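Engineer: What follows is the residue order along each chain.
Protein chains: 4
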Amino acid sequence: MSSIKKSDKILGIDVNSIIKNTFSAHSKSTSNSLQQTLDEAFVHEPKQFKQVTEFLSEKVKSAHIELYKGYIDSFNKISAKLDTANRSETNSRHSEYRSLKFDETYNLNATWLHELYFANGFDPYSEIVMDSFSYMRLQRDFGTFEDWQRDFIAAGLSVGNGWVVTGFNMFLKKYVNIIVNNHSDDIHMGFYPIIVVDMWEHTYFRDYLTDKKSYLISQMKELNWTVIEERFKKAEAIAQVLK
Amino acid sequence: MSSIKKSDKILGIDVNSIIKNTFSAHSKSTSNSLQQTLDEAFVHEPKQFKQVTEFLSEKVKSAHIELYKGYIDSFNKISAKLDTANRSETNSRHSEYRSLKFDETYNLNATWLHELYFANGFDPYSEIVMDSFSYMRLQRDFGTFEDWQRDFIAAGLSVGNGWVVTGFNMFLKKYVNIIVNNHSDDIHMGFYPIIVVDMWEHTYFRDYLTDKKSYLISQMKELNWTVIEERFKKAEAIAQVLK
Amino acid sequence: MSSIKKSDKILGIDVNSIIKNTFSAHSKSTSNSLQQTLDEAFVHEPKQFKQVTEFLSEKVKSAHIELYKGYIDSFNKISAKLDTANRSETNSRHSEYRSLKFDETYNLNATWLHELYFANGFDPYSEIVMDSFSYMRLQRDFGTFEDWQRDFIAAGLSVGNGWVVTGFNMFLKKYVNIIVNNHSDDIHMGFYPIIVVDMWEHTYFRDYLTDKKSYLISQMKELNWTVIEERFKKAEAIAQVLK
Amino acid sequence: MSSIKKSDKILGIDVNSIIKNTFSAHSKSTSNSLQQTLDEAFVHEPKQFKQVTEFLSEKVKSAHIELYKGYIDSFNKISAKLDTANRSETNSRHSEYRSLKFDETYNLNATWLHELYFANGFDPYSEIVMDSFSYMRLQRDFGTFEDWQRDFIAAGLSVGNGWVVTGFNMFLKKYVNIIVNNHSDDIHMGFYPIIVVDMWEHTYFRDYLTDKKSYLISQMKELNWTVIEERFKKAEAIAQVLK
Chain Z
40 MSSIKKSDKI
50 LGIDVNSIIK
60 NTFSAHSKST
70 SNSLQQTLDE
80 AFVHEPKQFK
90 QVTEFLSEKV
100 KSAHIELYKG
110 YIDSFNKISA
120 KLDTANRSET
130 NSRHSEYRSL
140 KFDETYNLNA
150 TWLHELYFAN
160 GFDPYSEIVM
170 DSFSYMRLQR
180 DFGTFEDWQR
190 DFIAAGLSVG
200 NGWVVTGFNM
210 FLKKYVNIIV
220 NNHSDDIHMG
230 FYPIIVVDMW
240 EHTYFRDYLT
250 DKKSYLISQM
260 KELNWTVIEE
270 RFKKAEAIAQ
280 VLK
Chain R
40 MSSIKKSDKI
50 LGIDVNSIIK
60 NTFSAHSKST
70 SNSLQQTLDE
80 AFVHEPKQFK
90 QVTEFLSEKV
100 KSAHIELYKG
110 YIDSFNKISA
120 KLDTANRSET
130 NSRHSEYRSL
140 KFDETYNLNA
150 TWLHELYFAN
160 GFDPYSEIVM
170 DSFSYMRLQR
180 DFGTFEDWQR
190 DFIAAGLSVG
200 NGWVVTGFNM
210 FLKKYVNIIV
220 NNHSDDIHMG
230 FYPIIVVDMW
240 EHTYFRDYLT
250 DKKSYLISQM
260 KELNWTVIEE
270 RFKKAEAIAQ
280 VLK
Chain G
40 MSSIKKSDKI
50 LGIDVNSIIK
60 NTFSAHSKST
70 SNSLQQTLDE
80 AFVHEPKQFK
90 QVTEFLSEKV
100 KSAHIELYKG
110 YIDSFNKISA
120 KLDTANRSET
130 NSRHSEYRSL
140 KFDETYNLNA
150 TWLHELYFAN
160 GFDPYSEIVM
170 DSFSYMRLQR
180 DFGTFEDWQR
190 DFIAAGLSVG
200 NGWVVTGFNM
210 FLKKYVNIIV
220 NNHSDDIHMG
230 FYPIIVVDMW
240 EHTYFRDYLT
250 DKKSYLISQM
260 KELNWTVIEE
270 RFKKAEAIAQ
280 VLK
Chain P
40 MSSIKKSDKI
50 LGIDVNSIIK
60 NTFSAHSKST
70 SNSLQQTLDE
80 AFVHEPKQFK
90 QVTEFLSEKV
100 KSAHIELYKG
110 YIDSFNKISA
120 KLDTANRSET
130 NSRHSEYRSL
140 KFDETYNLNA
150 TWLHELYFAN
160 GFDPYSEIVM
170 DSFSYMRLQR
180 DFGTFEDWQR
190 DFIAAGLSVG
200 NGWVVTGFNM
210 FLKKYVNIIV
220 NNHSDDIHMG
230 FYPIIVVDMW
240 EHTYFRDYLT
250 DKKSYLISQM
260 KELNWTVIEE
270 RFKKAEAIAQ
280 VLK
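Residue numbers (the working numbering), protein chains in the order written: chain Z, 40 to 282; chain R, 40 to 282; chain G, 40 to 282; chain P, 40 to 282.
Check each hint, because a few of them may be wrong.
[To be verified] Distance condition first, Cα-Cα at most 25 Å in a straight line; then the derived BS3-like pairs of lysine-lysine:
{"no.": "1", "chain 1": "P", "residue 1": "86", "chain 2": "G", "residue 2": "273"}
{"no.": "2", "chain 1": "Z", "residue 1": "98", "chain 2": "P", "residue 2": "251"}
{"no.": "3", "chain 1": "G", "residue 1": "272", "chain 2": "P", "residue 2": "212"}
{"no.": "4", "chain 1": "P", "residue 1": "212", "chain 2": "P", "residue 2": "252"}
{"no.": "5", "chain 1": "G", "residue 1": "212", "chain 2": "P", "residue 2": "273"}
{"no.": "6", "chain 1": "R", "residue 1": "273", "chain 2": "R", "residue 2": "252"}
{"no.": "7", "chain 1": "Z", "residue 1": "213", "chain 2": "R", "residue 2": "100"}
{"no.": "8", "chain 1": "G", "residue 1": "282", "chain 2": "P", "residue 2": "213"}
{"no.": "9", "chain 1": "R", "residue 1": "273", "chain 2": "R", "residue 2": "100"}
{"no.": "10", "chain 1": "G", "residue 1": "120", "chain 2": "P", "residue 2": "213"}
{"no.": "11", "chain 1": "G", "residue 1": "89", "chain 2": "G", "residue 2": "212"}
{"no.": "12", "chain 1": "G", "residue 1": "252", "chain 2": "R", "residue 2": "100"}
{"no.": "13", "chain 1": "P", "residue 1": "252", "chain 2": "Z", "residue 2": "108"}
{"no.": "14", "chain 1": "P", "residue 1": "86", "chain 2": "P", "residue 2": "252"}
{"no.": "15", "chain 1": "Z", "residue 1": "213", "chain 2": "R", "residue 2": "108"}
{"no.": "16", "chain 1": "Z", "residue 1": "213", "chain 2": "Z", "residue 2": "89"}
Since the hints were made in silico from the structure, they are not lab data.
For clarity, every value in this text was computed on a predicted model and none was experimentally measured.
Extracted from the complex, chain Z is given alone in its bound form (with noise of 0.2 Å):
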C-alpha cells in the first residue's frame, strides 16, 4: 500500500515561508545527493559518424564534427554547474541559472540536431519503399511524397541560420515540417525529430555559396531512408501511446 503525501504539506499553507523552510532544511543534504544523481547522467560522448558523399568536401565534413564536439563540450559543462547552481535567487533579469538555462537548452538541442543530420543522411544508395512508413505516412500528412519534398524544401529556403526538420508533432498527431532558427527558437512544442537537415551557413556556404537550395537537394538525394524509417517507426509506436 502507498503512503500519500498531501502537497498542501510539501508546499505548507502559508506559502512563502514553508517553502523557505524546505529550501534551507533540503539545501545541505539535498544538493549533494542531486549532484551525485545528475553527474553521469549527463555526461555526453561525441559519436563517430561517417559522412560518406560527394556533395561536400572534405573540409567541410571534419570543420562540422569539430564544431558538433564543440556543443557537446558545452552542454557537459553547463550540465555540471546546473548540478550545483544557485536556484534559491533567480529572477528573470540576471542570474546564473536563467542563463544556464538557455545555453543547456541551445547546446542539448544543437547535440542532437547535428547527431540526427549525420545520422540521416550520406547515403549514396538512398532510396525509399512506397510500402514503408516514411512513403506511406508522408504521403498521408502532405498529400504525396512530392508535395511533402516541395514543403520540405519551401521550408529549408525560409531558414535564415537554423536547420528543416520533418518530425511527428504529439499535439496535432501528424507528420509537420518546421523551420527552427539557430538551434532553439521557433520549436513546436512535443516534436519527435525524424529528417533533420542543418541549413546553417557551415554547412553549405563553403562549397555552394549562395546556392542553398542545390545544398538541400543533394542532402534530399543522399537521405538514408533506412535511419528515417526506424525513426517513423518509433513515432507510430509514440502515436500508438498517445491514441
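Keeping the supplied structure of chain Z fixed, place chains R, G and P upon it in accordance with the hints.
Structural biologist: For chains R, G and P alone, coordinates are given in the frame of chain Z:
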C-alpha cells in the same frame, strides 16, 4: 511485394532542372489534393475547462479563456492559408510561406500549452501518491521531490514572459524543467510536456502584481496529479519506445 | 603633431601569436585600469516619476516602478561583472562574458525604455501644437497626424510582449514606428526613441484585461507633447549631424 | 500664430467609438496620400563597394554582394506592401502588418549593417592616428585601445550568427561593443553604429572554416580608420546634441 522508388528518380540527376519539372508537373493536381487532405485535419476546436481555484480571480480566468480562443482562431486561419501558400518562391528574408510557418509554430504551441495548463492545475484536493510514476520519476531525475519543486520554482521565476514546463526529453531520456520564452523560443527539441504553468504576466499580474513566486506556488499547490500521472504514463511508454 | 600608430603594430603580423602576447602582456595592468575607468560610469540611479493619470490604478503604477528598479539593479550588477569578466576564452556557445552581454542589453534597454515611457506620458492636459516638430514631422513621414496615430495603434496591437516606439531611424533619416519584442528583439539599428508606450502585459492587464486597445489609446490621449517635442528637437539636430 | 490641436479632440472622449470613426473617415483619402508620400522614400538602391583585401577570396566577396542585394530587394518590397497594409485588424498573434513589420526590421538592419561593414573595412594601409576621436574615445571608454580590441574580439567570438558592432549608446553616452544576433535581435535601443564586422558564417566559413578568430583579426587589421573617424565625428556631434 513492394515497389522500389529510387530517390534519384524523384529528384533527378540534374538537380536544378528536375526539381523545377516536378514543381510544375504537380502544381495543379497536388495542390488540390493537398488542400483537401489538410483542410479538416488542422481545424481545432476550443475545449471547455473549469478553473476551480480561489487563487485566481474570475476575471482573470475568463480573460484567459478568451486569449486561448484567440490563439486557436489564429491557428486555424494560418493552417488554412498554409494549405495553399506559394511554396515555390520562399526565401529566408521575406515570403508569405515563411511568415506563416513562424505564426503556425507560435499559435500552435500557445494552443497546446494553454490546454495542458488548464487541465493539469485547479485541483483543490491536490495530492501526490509516493508510488506513482509522477513521484518516482521526479525523485529519480531531480534527486528528491523537493529538488524538483525547487528547480521548478527556480525555472518559473527565471521566465521573462513565457512558460515553465516539466517534461520528458527524448534525447536525454529523462525528465527536465525548461524555460520557454513567449510561446516558441528556447524549447527543447523532442520534448514531451507534462507539468505546465503559464508564466505570462496575464496569468498573475492582476491578482499577484509583481509577486510571481506566490502565484507560481499557488499553482503548484493545486496541481492535478491524476491528470499529470496519465501524462507520466504516456512518457514512460514513450521511453519504452525509444529504448 | 600626432604620433602614428599602425594597426599592424598593434595586432602584429602573425595574427594568432601576437594577439596572445598582447593578451598576456596587458592582462594584469589593463584589467585594473579598465575596472577603475568603468566602475563608476555604469552605475545608474533610479529616477523619480509621477504617473499622474486616472487611466491606471495606483497598484499598477507602484508595481511598475518596482519592476523598473529591478532592471536598474540588475544592470548595475551586470556592469560591475563585465568590468572584470574573462575576455580571453569567450565562444559562441557558452561563456560568462557572452551571457553578461545579452543580459546587459536586456536590462539596459528595459531601464531606458521605462524612463522614456514614464516621462512621455501621464499628462492629463495633453495637447499638440500644429507647428511643432512633433506634429510636422509625423505629418511629413506618415502622411497625416492621424496616419501616425493609426500606424502607432496598429504597431502597438501587434506587440506580443514588448514595446511600441516612434523614433528616428538614422539610416532612413525618417520617423518610423517599431515593434520591440520583450526588451531587445526586433530593434532597428541606429534608432533614436521618441514616443514610447509599454505594451508588456504588466502595464495593462490588471486594469484593462484583454482590452489592450483601450489601454493604448488612453496612453496616447495623455502623451506629454512638451517632453516629446524636446526629443523631436534632438532628433532634428541629429538629422542635421547625419546630413 | 499656431493653432492648437487638443489630443482630446483627435481621439475623442469615448475612446472606442471615436477611433473607429477616425479610421473610417480617413481610410480612403489618407491611404492614398500615405502611399504617395512613402512610395519613393523607402526605395533603396544598392551601393558599389570595392572589397580590397587578400584576406577574403573573390568568390566570398561577390557572394556577399549578392546577399546584400537580396536584403535590399526584400526591403523595398516590404516597404511597398507596408504602404497599403491593413492597419485596422492587426493583432499580436497573426496579421499581415505584424509580419511585414518584423521583416522590415530584419531586412532594413541587414542592408545598413552590410553597407557599414563594406565601407569600414578593406583598407590594406589601415592606420589609426593617436589624436583622432577614434583612438581617444575608445581609450576613454574602454581603458586603452588594446582593451577595446580585446573586448571587440571577445564580443565577436561570442556571436552565434550575427554581427559585432562598436557604437555610441545614446543613453549611456559612451561607446560600447554589442553582439547582434542574426540582424535584429539583442540590439541596444538608441545605438549609433560605428565599427561593424559581419560575423555570419557566410563571411568566414569558406576561407577560414571554424577559425573565426583569424577572420575577425584580419578584418580588424584592415579597418578603414578614415571612414571610421567620420563616423566618430558624427557620434561626437550626436553626443553634443544629447547633452
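Engineer: State for each hint whether it applies.
Structural biologist: Against the structure, the hints come out as follows:
The suggested pairing of residue 86 (chain P) with residue 273 (chain G) is violated, with an alpha-carbon distance near 29 Å, which exceeds 25 Å. In summary, the hint linking residue 98 (chain Z) to residue 251 (chain P) is supported, as the alpha carbons are separated by about 15 Å, within the 25 Å threshold. Taken as a hint, the residue 272 (chain G) and residue 212 (chain P) pair is honoured in the structure, with Cα atoms around 18 Å apart against an allowance of 25 Å. Proximity of residue 212 (chain P) to residue 252 (chain P) is assessed by CA-CA distance (about 29 Å); at most 25 Å being required, the pair is judged violated.
For the proposed pair residue 212 (chain G) and residue 273 (chain P), the alpha carbon gap of about 14 Å is at most 25 Å, so the pair holds. For the hint linking residue 273 (chain R) to residue 252 (chain R), the alpha-carbon distance of about 30 Å lies beyond 25 Å, and the restraint is violated. Using a Cα cut-off of 25 Å, the hinted pair residue 213 (chain Z) and residue 100 (chain R) is violated, with the two alpha carbons roughly 31 Å apart. For the hint linking residue 282 (chain G) to residue 213 (chain P), the alpha-carbon distance of about 22 Å falls within 25 Å, and the restraint holds.
With a CA separation close to 29 Å, the supplied pair residue 273 (chain R) and residue 100 (chain R) exceeds the 25 Å bound. At most 25 Å may separate the alpha-carbon atoms for a hinted pair to count; residue 120 (chain G) and residue 213 (chain P) meet this at roughly 18 Å. Restraint check: the Cα-Cα separation between residue 89 (chain G) and residue 212 (chain G) comes to about 33 Å, which exceeds 25 Å; the hinted pair is violated. This hinted pair checks out: residue 252 (chain G) and residue 100 (chain R) have alpha carbons roughly 20 Å apart, not beyond 25 Å.
In summary, the hint linking residue 252 (chain P) to residue 108 (chain Z) is supported, as the alpha carbons are separated by about 18 Å, within the 25 Å threshold. With a C-alpha separation of about 28 Å, the suggested pair residue 86 (chain P) and residue 252 (chain P) falls outside the 25 Å cut-off, and the hint is violated. Between residue 213 (chain Z) and residue 108 (chain R) the alpha-carbon distance is near 22 Å, which keeps this suggested pair within the 25 Å criterion. Distance restraint check for residue 213 (chain Z) and residue 89 (chain Z): the Cα-Cα separation of roughly 31 Å exceeds the 25 Å cut-off, and the hinted pair is therefore not satisfied.
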